[in-house]
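2 protein chains.
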Amino acid sequence: MTEIKDKSVETFLGELASKQATPGGGSAAAVMGAQAAALVSMVCNLTLGKPKYAAVEADMQALLAESEALRVTLIGMIKADVDVFDKLMACYGLPKASDEEKAQRSAQIQWVLREATEVPLACAKACAKAVELSRVAAEKGNLGVISDAGVAVMAAYAGLKSAALNVHINAASLKDREFAEAKLAELQAIMQNADTEAEAIYQIVQGKL
Amino acid sequence: MTEIKDKSVETFLGELASKQATPGGGSAAAVMGAQAAALVSMVCNLTLGKPKYAAVEADMQALLAESEALRVTLIGMIKADVDVFDKLMACYGLPKASDEEKAQRSAQIQWVLREATEVPLACAKACAKAVELSRVAAEKGNLGVISDAGVAVMAAYAGLKSAALNVHINAASLKDREFAEAKLAELQAIMQNADTEAEAIYQIVQGKL
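In order, the protein sequences belong to chains A and B. Going by my numbering, 105 is the number at position 105 of the first sequence; the sequence numbering is gapless. Going by my numbering, 29 is the number at position 29 of the second sequence; the sequence numbering is gapless.
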């Protein structure tokens with residue numbers, strides 16, 4: 001089957017809109033995060049090598065290495081979301097006629113739910129990283145493309161808030177509350193101040209227009 | 001030349017990251033808006049025909065018609081952004097040796113800047129519409145996919161804030177201040193309460209998880 005990353009933008013959007021279960025919001029979150037990372041890279045690529053920005057050359061090289069690695073990571077997460085969702089659906093489809101079947105089905109669902117909590121949590125972390133990288137782009141990037149740093153931070157923030165919803169849903173279904181609470185605490189730590197930080201970076205950009 | 005919508009998601013992200021001038025933040029904003037519209041459609045498509053949601057069948061049909069039209073509009077805006085940017089770059093490349101050439105070049109730049117202000121303004125309006133549609137999806141959609149309404153509102157809001165940056169940049173370069181101020185006033189009206197509205201819709205979704 002063709003991976004989403006290899007489908008056209010229009011096909012992806014069509015499948016997102018359709019009644020098929022995947023791709024859904026989890027993949028959309030990863031795409032937004034990947035757009036954020038890509039825009040940070042764009043700001044770097046249009047700042048590097050310009051005499052006017054020679055002072056930030058090393059910063060931009062380091063930033064570009066991070067944003068490009070993050071873009072690869074987030075592109076991988078588009079598929080990871082689909083895969084874990086499909087796995088979860090397969091578990092829900094398991095037979096549940098006997099008590100033994102019910103117990104086996106429930107155990108498998110619980111096992112996959114752990115992964116279904118960790119996948120969006122990893123996406124949330126990657127998006128939070130994209131917010132962080134957007135700040136450097138906004139502070140040090142070429143003023144001619146500084147608005148792209150502003151788009152980057154909004155895309156990253158939207159990806160973060162979106163992935164957070166999927167962590168919440170799946171954590172809520174987990175019977176292993178210790179595991180669930182640990183994951184929710186990790187999410188909480190990432191979300192802490194994310195809205196004020198995203199808005200602050202956006203304001204940096206707006207102040208430079 | 002292949003339109004962005006016809007390129008793979010990965011190719012789009014690669015071009016976004018590259019040093020080529022387009023696609024940039026304007027196209028990314030339109031893609032985010034289109035993702036929002038698509039996710040509203042997804043919620044509709046997974047609510048329609050379900051006996052449990054028979055009471056909102058007509059609402060969901062009407063919402064789906066709007067979200068699908070909006071998705072088409074926003075997909076068109078991916079290209080519109082590239083086109084007007086390319087036109088603007090072509091104007092900046094016009095000869096400016098004589099005073100006459102300078103005057104002609106300046107006049108053409110100013111003419112295209114009007115369009116370059118209107119294109120992201122139209123994108124901002126479409127994204128604001130996507131926020132509005134997300135509210136209906138969040139309030140009335142199938143609880144099993146309600147998180148997708150939450151992702152929709154975040155994508156729509158990010159698209160709106162992103163498009164707004166491009167309106168500001170281009171309006172700032174306009175010599176026709178009456179036109180510029182009128183466009184900025186339109187933007188202002190759209191942005192009014194957008195952040196509290198987006199957060200309120202997100203909270204509706206979170207309250208239902």
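Any given hint could be a false lead.
List time: in silico EDC-like cross-link candidates among lysine to aspartate or glutamate, alpha-carbon distance up to 16 Å [what the hints assert, rightly or not]:
| # | chain 1 | residue 1 | chain 2 | residue 2 |
| --- | --- | --- | --- | --- |
| 1 | A | K5 | A | D99 |
| 2 | B | K125 | B | E10 |
| 3 | B | K7 | A | E118 |
| 4 | A | K79 | B | E68 |
| 5 | B | K79 | B | D176 |
| 6 | B | K79 | B | D6 |
| 7 | A | K140 | A | D59 |
| 8 | B | K19 | B | D86 |
| 9 | A | K125 | A | E66 |
| 10 | A | K79 | A | E186 |
| 11 | B | K19 | A | D83 |
| 12 | B | K125 | B | D59 |
| 13 | B | K87 | B | E68 |
| 14 | A | K208 | A | E139 |
| 15 | A | K140 | A | D6 |
| 16 | A | K5 | B | E15 |
| 17 | A | K5 | B | D6 |
| 18 | A | K7 | B | E115 |
| 19 | A | K125 | A | E15 |
| 20 | B | K7 | A | E66 |
| 21 | B | K5 | A | D6 |
| 22 | B | K5 | B | E115 |
| 23 | A | K19 | B | E68 |
| 24 | A | K7 | B | D6 |
| 25 | A | K5 | B | D195 |
| 26 | A | K7 | B | E186 |
| 27 | B | K5 | A | E57 |
| 28 | A | K87 | A | E118 |
| 29 | B | K175 | B | D86 |
| 30 | B | K7 | A | D6 |
| 31 | B | K140 | B | D59 |
| 32 | A | K125 | A | E186 |
| 33 | B | K5 | A | D83 |
| 34 | B | K79 | A | E186 |
| 35 | A | K52 | A | E139 |
Honestly, the hints are just simulated from the structure, not real lab data.
Cross-check of the supplied hints:
1. With a CA separation close to 41 Å, the supplied pair K5(A) and D99(A) exceeds the 16 Å bound.
2. The suggested pairing of K125(B) with E10(B) is violated, with an alpha-carbon distance near 27 Å, which exceeds 16 Å.
3. Taken as a hint, the K7(B) and E118(A) pair is broken in the structure, with Cα atoms around 30 Å apart against an allowance of 16 Å.
4. For the suggested pair K79(A) and E68(B), the alpha carbons sit about 25 Å apart, so the restraint of at most 16 Å is broken.
5. Proposed proximity of K79(B) and D176(B) is contradicted: the alpha carbons are some 26 Å apart, above 16 Å.
6. A C-alpha spacing of about 11 Å is found between K79(B) and D6(B), which places the hinted pair at or below 16 Å, so the restraint holds.
7. Pair hint K140(A) plus D59(A) holds up; C-alpha atoms about 8 Å apart against a cutoff of 16 Å.
8. The suggested pairing of K19(B) with D86(B) holds, with an alpha-carbon distance near 14 Å, which does not exceed 16 Å.
9. A threshold of 16 Å between alpha carbons decides the hint, and for K125(A) with E66(A) the separation of about 14 Å falls inside it, so the pair holds.
10. Only pairs whose Cα atoms come within 16 Å are accepted, and K79(A) paired with E186(A) is rejected, the gap being roughly 23 Å.
11. For a cut-off of 16 Å, the pair hint linking K19(B) to D83(A) is broken: about 33 Å separates their Cα positions.
12. Distance hint between K125(B) and D59(B) is unfulfilled; the C-alpha atoms sit about 22 Å from each other, more than 16 Å.
13. For the given pair, K87(B) sits about 29 Å from E68(B) by alpha-carbon distance, which is inconsistent with the 16 Å threshold.
14. With a C-alpha separation of about 9 Å, the suggested pairing of K208(A) with E139(A) holds against the 16 Å cut-off.
15. Restraint check for K140(A) and D6(A): not satisfied, since their Cα atoms lie roughly 33 Å apart, outside the 16 Å limit.
16. Among the hinted pairs, K5(A) with E15(B) is consistent with the structure: their alpha-carbon atoms are about 14 Å apart, no more than 16 Å.
17. Taken as a hint, the K5(A) and D6(B) pair is honoured in the structure, with Cα atoms around 12 Å apart against an allowance of 16 Å.
18. Of the supplied pair hints, the one linking K7(A) and E115(B) is violated, its CA atoms being roughly 31 Å apart against a limit of 16 Å.
19. Taking the CA atoms of K125(A) and E15(A), the gap is near 26 Å; set against the 16 Å cutoff, the hint is violated.
20. With a C-alpha separation of about 25 Å, the suggested pair K7(B) and E66(A) falls outside the 16 Å cut-off, and the hint is violated.
21. With a C-alpha separation of about 12 Å, the suggested pairing of K5(B) with D6(A) holds against the 16 Å cut-off.
22. A threshold of 16 Å between alpha carbons decides the hint, and for K5(B) with E115(B) the separation of about 21 Å lies outside it, so the pair is violated.
23. Restraint check: the Cα-Cα separation between K19(A) and E68(B) comes to about 13 Å, which is no more than 16 Å; the hinted pair holds.
24. The straight-line distance between the Cα atoms of K7(A) and D6(B) is roughly 9 Å, inside the 16 Å bound, and the hint therefore holds.
25. In summary, the hint linking K5(A) to D195(B) is not supported, as the alpha carbons are separated by about 31 Å, beyond the 16 Å threshold.
26. The suggested pairing of K7(A) with E186(B) is violated, with an alpha-carbon distance near 36 Å, which exceeds 16 Å.
27. A hinted pair counts as satisfied when its Cα atoms are at most 16 Å apart, and K5(B) with E57(A) does not qualify at roughly 33 Å.
28. Distance restraint check for K87(A) and E118(A): the Cα-Cα separation of roughly 14 Å lies within the 16 Å cut-off, and the hinted pair is therefore satisfied.
29. For a cut-off of 16 Å, the pair hint linking K175(B) to D86(B) is broken: about 20 Å separates their Cα positions.
30. About 9 Å separates the Cα atoms of K7(B) and D6(A), which keeps this hinted pair within 16 Å; it holds.
31. With a C-alpha separation of about 8 Å, the suggested pairing of K140(B) with D59(B) holds against the 16 Å cut-off.
32. A distance of roughly 9 Å separates the Cα atoms of K125(A) and E186(A); the hinted pair therefore holds under the 16 Å criterion.
33. With a C-alpha separation of about 24 Å, the suggested pair K5(B) and D83(A) falls outside the 16 Å cut-off, and the hint is violated.
34. Distance check on the hinted pair: K79(B) and E186(A) sit about 39 Å apart at the alpha-carbon level, beyond 16 Å; violated.
35. Of the pairs offered as hints, the one joining K52(A) and E139(A) holds, with about 15 Å between alpha carbons and a cut-off of 16 Å not exceeded.
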